[in-house]
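Q: Numbering (my numbering), first residue to last: 7 to 126.
I should point out that these hints are in silico values taken from the structure, not numbers from a laboratory.
Just so it is clear, the structure is predicted and the values come from calculations on it, not from any experiment.
Among the hints, erroneous ones may be present.
As the list claims (entries may be wrong) - Listed below are the simulated SDA-like cross-link pairs for lysine to any residue, each with C-alpha atoms no more than 25 Å apart in a straight line:
id, residue 1, residue 2
1, 100, 30
2, 109, 51
3, 100, 68
4, 100, 75
5, 100, 66
6, 100, 58
7, 109, 39
To be verified - Beta-carbon label-pair distances, calculated as ranges:
id, residue 1, residue 2, range
8, 117, 53, 31 to 39 Å
9, 89, 28, 19 to 27 Å
10, 94, 126, 16 to 24 Å
Glycine included, C-beta positions come from ideal geometry on N, C-alpha and C.
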Amino acid sequence: MPKLRLNQSNGSYISEGIYQAVIDTVYVDRAVRVGDNLYDQLVIIYQAAVGLYLRTVRERYFLPYRENCRLAAVLHSLLDYVPDHFDSNLLIDKDCYIRIQHKELASGQTWCYVDEVFPM
Numbered sequence: 007m008p009k010l011r012l013n014q015s016n017g018s019y020i021s022e023g024i025y026q027a028v029i030d031t032v033y034v035d036r037a038v039r040v041g042d043n044l045y046d047q048l049v050i051i052y053q054a055a056v057g058l059y060l061r062t063v064r065e066r067y068f069l070p071y072r073e074n075c076r077l078a079a080v081l082h083s084l085l086d087y088v089p090d091h092f093d094s095n096l097l098i099d100k101d102c103y104i105r106i107q108h109k110e111l112a113s114g115q116t117w118c119y120v121d122e123v124f125p126m
């Protein structure tokens, strides 16, 4: 069963669990097609410590963010508040823990995602 959305570094995928990580990159992807609609998404690239390797984990969050969305939960966890105006530089090089989860899709493939972010 192939796994989606996580980059490989040593030929295997990241198992479910909690990993120490640092935020490497934050950028906005404009007009991403999701179904029949186009959305702006904030992309956060985490570098996670998995065994002896640093593994790249890319997670996408819908924009604009609201107080009850996934991105707001990440911001609150890392900054202790949800800013009115977001500056991506607030997150770069931020140490954290990430929880990786797997979810089986109707197609039979497995979707791997960052379920939750915890402060260091």
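Q: For each hint, tell me whether it holds in the structure or not.
A: Evaluation of the provided hints:
no.: 1; hint: 100 x 30; verdict: holds, 8 Å
no.: 2; hint: 109 x 51; verdict: holds, 20 Å
no.: 3; hint: 100 x 68; verdict: holds, 20 Å
no.: 4; hint: 100 x 75; verdict: holds, 20 Å
no.: 5; hint: 100 x 66; verdict: holds, 17 Å
no.: 6; hint: 100 x 58; verdict: holds, 21 Å
no.: 7; hint: 109 x 39; verdict: holds, 21 Å
no.: 8; hint: 117 x 53: 31 to 39 Å; verdict: violated, 21 Å
no.: 9; hint: 89 x 28: 19 to 27 Å; verdict: holds, 20 Å
no.: 10; hint: 94 x 126: 16 to 24 Å; verdict: holds, 19 Å
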